[in-house]
Amino acid sequence: MNIIEILNLVHEYRELDEEGNEAEALRAVDGVSLTVEEGEFIAILGHNGSGKSTLAKHVNALLTPTEGTVYLSGMNVAEHKPIWEVRREAGMIFQNPDNQIIGTSVEEDVAFGPENMGIPTEELLKRVEVSLEKAGMAAYRLHSPNKLSGGQKQRVAIAGMLAMRPKVILMDEPTAMLDPVGRKEVLETMHELNRQEGITVVFITHYMEEVVDADRIVVMKDGKLVMNGAPREVFSRLEELEECHLTAPEVTRLAAELKKAGLDLPDGVLSVDELVNALCRLK
Amino acid sequence: MIRDITLGQYYEADSVIHRLDPRVKLAFTVIYIVSLYVGEGVLAFALAASFLAVIIILSKVPVSFMLRGLKSIFILMIISVIFNLFLTQGEEIFHWWIFRITKEGIRIAVRMVIRLILLIMGTSIMTLTTTPSRLTDGLEKAFGFLKIFHVPVHAVAMMMSIALRFIPILIEEVNKIMKAQQARGADFENGGLIKKAKAMIPLLIPLFVSAFRRADDLANAMEARCYHGGDDRTKLHPLKYRKRDAIAYLVLFAYLAAIILLRIFTSELIKIVP
Chain P
1 MNIIEILNLV HEYRELDEEG NEAEALRAVD GVSLTVEEGE FIAILGHNGS
51 GKSTLAKHVN ALLTPTEGTV YLSGMNVAEH KPIWEVRREA GMIFQNPDNQ
101 IIGTSVEEDV AFGPENMGIP TEELLKRVEV SLEKAGMAAY RLHSPNKLSG
151 GQKQRVAIAG MLAMRPKVIL MDEPTAMLDP VGRKEVLETM HELNRQEGIT
201 VVFITHYMEE VVDADRIVVM KDGKLVMNGA PREVFSRLEE LEECHLTAPE
251 VTRLAAELKK AGLDLPDGVL SVDELVNALC RLK
Chain A
1 MIRDITLGQY YEADSVIHRL DPRVKLAFTV IYIVSLYVGE GVLAFALAAS
51 FLAVIIILSK VPVSFMLRGL KSIFILMIIS VIFNLFLTQG EEIFHWWIFR
101 ITKEGIRIAV RMVIRLILLI MGTSIMTLTT TPSRLTDGLE KAFGFLKIFH
151 VPVHAVAMMM SIALRFIPIL IEEVNKIMKA QQARGADFEN GGLIKKAKAM
201 IPLLIPLFVS AFRRADDLAN AMEARCYHGG DDRTKLHPLK YRKRDAIAYL
251 VLFAYLAAII LLRIFTSELI KIVP
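The listed protein sequences derive, respectively, from chains P and A.
Counted from 1, the first sequence has number 55 at position 55 by this note's numbering; the numbering is strictly sequential.
Counted from 1, the second sequence has number 105 at position 105 by this note's numbering; the numbering is strictly sequential.
In isolation and in its complexed conformation, chain A is listed as follows (with noise of 0.2 Å):
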């Protein structure tokens, strides 16, 4: 059962953004956080959402897939929301004992709501159209520059994509050992928080022992596989960019630049009216 659970979050679909290379949606990854950070007002939110809702349609994805991701990050939001609203200082529009709200804490908040919504979902856009095994054959591409400074993309990008196919089989085996250790008379749900901790020792050091024995025998199967590292290693499907990746590029820094002259222009705006 355990085994079935897809890990991250990929949503299996047939879609134009689940085909693009994930280098691609690395890229749009990383600009579109700049963009929510250097875009400044009405217009660059207005801007920033739309462009995200088109990706959103593009992708298949469900909508209540993505407010999902949302709903972990909901408490911190409203915690953020009341310390800017109150806090602030500013012109003063409602005060009542203690507390004031400001004209500015209303904006400050306001704003980073909108970006905290947006800044959620759109990174979830690459972990949820693209699956872990191509997500680290992109990021080990994508970093493969820092090979020049000795870092060992390969072997992390390996070991990432190692630690994913071995998260289930733990799992799994914590179940096992866990069921074991109760058969033993083990109590794992009672007690405060010193006492669960100390009943998760005869857990854990169980699935330690068996996690080195398990890296044991997989360096001895990659070995027989004549594993030796990254070099002259060939991929059976090597990313390739295609058309559809060369288009989104120049869609991705079209809008790039587009939030950079809304920012400019609405600052020049302001300097003439002030």
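This is chain P alone, in the form it adopts within the complex (with noise of 0.2 Å):
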């Protein structure tokens, strides 16, 4: 079942003069389509600008089509209304993380979600004791949220989603102002979540290491939708991938590098045992 369908989506940033006319339209997604199944763990790849937050703000309501139709869970997103009903379904996690905390402690602050939609004190309690503890959270329940590293803020920041109880969980960046243990954390915790409880994931960067274990990887460049398929395919296309100014894994691009030489390598590899195991077969 599709969970998300975007339909032929524009979004154009306009710029006003001082006479408040219409100087610049700057269009961020142009013409996109995309269908996002339930339970998938979905990567978008793209460069500074290519319009791939852009493309996700749409899915919770944050942003308003231009043109085209967004469906989530079979609503029209931008028509739904209360507008709440649409953002409770797909949960957001930001670049920042200090950005997006408002509690004064974590546990204040995995309740706001859950807390605006008007659930009760009892289940409250329950909602966010069981968020924390799959987030991997737990133990700092009472914590301030300032004492935490970038990693553990993010991590909070997902139990907050959770909390929510959200069938898709769209990630803006989430790693990008992290260090590579707290990016890894991140990463783990949202492929857990992925495999364990079924959250669609909607994963936006352009660190291509973080997405090799995605299942489908979408590519966008100037607001358009290049590229769509699995890691192996997409990271064969190398070329291409340079021409969206995106870099592939050293891995990958040693062992293109070693096909090109010569060497019987297969396309698209995605790690050092992969590589390592294909060429203790070469002979």
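By construction, these hints were calculated from the structure, which means they are not laboratory data.
Capping the alpha-carbon separation at 30 Å, the derived lysine-lysine pairs in DSS-like fashion look like this:
no., chain 1, residue 1, chain 2, residue 2
1, P, LYS147, A, LYS60
2, P, LYS126, A, LYS240
3, A, LYS243, A, LYS141
4, P, LYS147, A, LYS235
5, P, LYS126, P, LYS81
6, A, LYS235, P, LYS167
7, A, LYS179, P, LYS147
8, P, LYS126, A, LYS141
9, A, LYS176, P, LYS147
10, P, LYS57, A, LYS235
11, P, LYS81, A, LYS235
12, P, LYS126, A, LYS243
Note that this is a predicted model, so its numbers are computed, not measured.
Combine the two chains into a complex, taking the hints into account.
Rendered as structure tokens:
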């Protein structure tokens, strides 16, 4: 079943001059159609300004389309009222961990979403506990968010999403401001939630290393969808990726160079182990 | 480092006073201030002081913490004592050159010092024993009735709690910008007042820009989490009156009644024995 259905989406940012007339219209998203299946882990790759964040913000109605329609669980996102029925279906994690934590303690922050939904107190307590457990942050329940590391803050934000019981979690470059350890923490947490809870994940990034385990990769360039396929398939089209200003992981590039030099290797190698195995089998 | 500072002056301890509903403590603060100005005479001040002493002992907050608050008003106190002492007209008991001290002056000065000390200590009880988030919750509930007059009580409380969360983050940001500007040769230390004020401009502009960006991000994050104002909102830890809060209210009103009675009684006394 398709949980997200994007049809011919166009979004223009309008710039007004001093008299309030339209001076310039910038097409951030230019005719994108995309469907996401329930339970899928989909990665949206793209260089800065490729329109990937703008695209994601249409799914939970933070932005409304200039043209086209977005459906989430059968709801027409732009027209559905009340709007929070859409937003509780699709949670969103943002780039800056500091700017999305509202509560003065971890548990208060996790409760913020369901509090807005009007969940009764007893149920709230249960949800906070379960969500923190799932995000691996149960030990920090009463801590102040200011004292946590970046990766931990993002996991608090993830717990805050889980407490709303969404079907989809949209992640808008959640790892961009984190150190390697924090990046790994966040990524592993999301994969676990995807596998165990069946939550659909839309993961936006420009780091290709982070998306090798995704079910599907979508590549965006100048507001258009240019590639759409399994990681192996996308990673084997190195030249096209280069045109999108994306750099494939070193292993993938090394394998491609070796292949060019005449070795019999498969296309789109995703991990060091895979390359080692392929090389050992050569003789 | 700077993120570890506790805001306000909350002193963490496990005491009856800490556990009281913030609304009770709010009521205490108001009633205590009123009582200090209603009360007149030695007996009333003795009652007010011992009432406060009992609360301080119950709250388990060290007295040194309480006294710290007095330091900031020490100079103010000295100045007003001097003015009251020398400028009050009345029965003269000491005279040297242009200085004269009167009986009335001494009485007013002493009364004022006692009042100020009790006032500062009494009002600090609330902030010392209540976390900022409970305090905003309490204020939101206590002033909830203003909603009838279209005062956005929930919005104000939400702004307060967001401000509290962002103060340490912005302080850190100021330090970061300061270092970045110093690395580019900015001088924040030397020069006169005007030069120093001018030096703040390269600090304030980036700070404002980043604060607006943060506000924008935060608004998005709040919307993404279904925030739509205070209507139908539930609370993880709702404020609920318990038995101890009822008792506290009783004690509080008994105290106020005693102060008022004392005032009536002493003024009658003065009428009878002039």
